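A.B. asks: Please work from the sequences and hints to get the whole structure.
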Amino acid sequence: AQKITQTQPGMFVQEKEAVTLDCTYDTSDPSYGLFWYKQPSSGEMIFLIYQGSYDQQNATEGRYSLNFQKARKSANLVISASQLGDSAMYFCAMREGLKDNFNKFYFGSGTKLNVKP
Amino acid sequence: GAVVSQHPSWVICKSGTSVKIECRSLDFQATTMFWYRQFPKQSLMLMATSNEGSKATYEQGVEKDKFLINHASLTLSTLTVTSAHPEDSSFYICSVPPGGRSTGELFFGEGSRLTVL
Numbered sequence: 032a033q034k035i036t037q038t039q040p041g042m043f044v045q046e047k048e049a050v051t052l053d054c055t056y057d058t059s060d061p062s063y064g065l066f067w068y069k070q071p072s073s074g075e076m077i078f079l080i081y082q083g084s085y086d087q088q089n090a091t092e093g094r095y096s097l098n099f100q101k102a103r104k105s106a107n108l109v110i111s112a113s114q115l116g117d118s119a120m121y122f123c124a125m126r127e128g129l130k131d132n133f134n135k136f137y138f139g140s141g142t143k144l145n146v147k148p
Numbered sequence: 002g003a004v005v006s007q008h009p010s011w012v013i014c015k016s017g018t019s020v021k022i023e024c025r026s027l028d029f030q031a032t033t034m035f036w037y038r039q040f041p042k043q044s045l046m047l048m049a050t051s052n053e054g055s056k057a058t059y060e061q062g063v064e065k066d067k068f069l070i071n072h073a074s075l076t077l078s079t080l081t082v083t084s085a086h087p088e089d090s091s092f093y094i095c096s097v098p099p100g101g102r103s104t105g106e107l108f109f110g111e112g113s114r115l116t117v118l
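Protein chains in written order, with the working numbering: chain A, 32 to 148; chain B, 2 to 118.
Mixed in with the good hints there might be a few duds.
As the list claims (entries may be wrong) - Below, a list of computed lysine to aspartate or glutamate pairs in the DMTMM-like style, where the Cα atoms sit at most 20 Å apart:
| id | chain 1 | residue 1 | chain 2 | residue 2 |
| --- | --- | --- | --- | --- |
| 1 | A | Lys34 | B | Glu60 |
| 2 | A | Lys135 | B | Glu60 |
| 3 | A | Lys143 | B | Glu111 |
| 4 | B | Lys56 | B | Glu23 |
| 5 | B | Lys21 | A | Glu75 |
| 6 | B | Lys42 | A | Asp117 |
| 7 | A | Lys135 | B | Glu53 |
| 8 | A | Lys143 | A | Glu48 |
Because the hints were derived from the structure by calculation, they are not lab data. Since the structure is predicted, the reported quantities are computational estimates derived from the model, not experimental observations.
C.D. replies: Set out below in structure tokens:
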């Protein structure tokens, strides 16, 4: 089974509007971390936001927020007030187990976001 | 966040030649580094874990004689693609676990785009 599933290969959003990028995960480990990364066309991976499995509140970082629904095993990324510079690939990722288990780091297939002016 | 430098950012080589990619952790010592491979419009796949002072750990299906990894110091890991062929053309990206951070996200280098003619 896929550890991380991103069902939206591509998304369009109008500038200044909000957009939600979907992510579901699969793990039986009670300890895990969920991450979102942005990959512009230049290729570098930019860390955006983190949610721990034991965190009670949804994570927020500026215009990014993570809609964490543990029972549904979903970790959707919400970008508010989209900007043209937000156009990029977005990857959802999960680290299974404790925070030092970096070899248990799984990535989804990504969502290509296009922000229209 | 952690600064990870990768070089070269892109390289074109002839089939049969070897190519070395360097990954440097600039602001802290890393006993472990990770090498990922990304095909166009696909996700990141872990190739191997680079361990300072010992042999790298390769993921299933990755040829260790093809992709030589050396982690000679706490700040440098190298990936050498030996006898490169066109099917080795890909985006290679290294990452470093920062350690000690509460969120445990991976930090990535800028990536190296390899084209084998």
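A.B. asks: State for each hint whether it applies.
C.D. replies: Evaluation of the provided hints:
The suggested pairing of lysine 34 of chain A with glutamate 60 of chain B holds, with an alpha-carbon distance near 16 Å, which does not exceed 20 Å. Of the pairs offered as hints, the one joining lysine 135 of chain A and glutamate 60 of chain B holds, with about 11 Å between alpha carbons and a cut-off of 20 Å not exceeded. This hinted pair checks out: lysine 143 of chain A and glutamate 111 of chain B have alpha carbons roughly 19 Å apart, not beyond 20 Å. With a C-alpha separation of about 17 Å, the suggested pair lysine 56 of chain B and glutamate 23 of chain B falls inside the 20 Å cut-off, and the hint holds.
The suggested pairing of lysine 21 of chain B with glutamate 75 of chain A holds, with an alpha-carbon distance near 19 Å, which does not exceed 20 Å. Distance hint between lysine 42 of chain B and aspartate 117 of chain A is fulfilled; the C-alpha atoms sit about 17 Å from each other, no more than 20 Å. Annotation: proposed proximity of lysine 135 of chain A to glutamate 53 of chain B holds, straight-line Cα distance about 19 Å (limit 20 Å). With a CA separation close to 16 Å, the supplied pair lysine 143 of chain A and glutamate 48 of chain A stays within the 20 Å bound.
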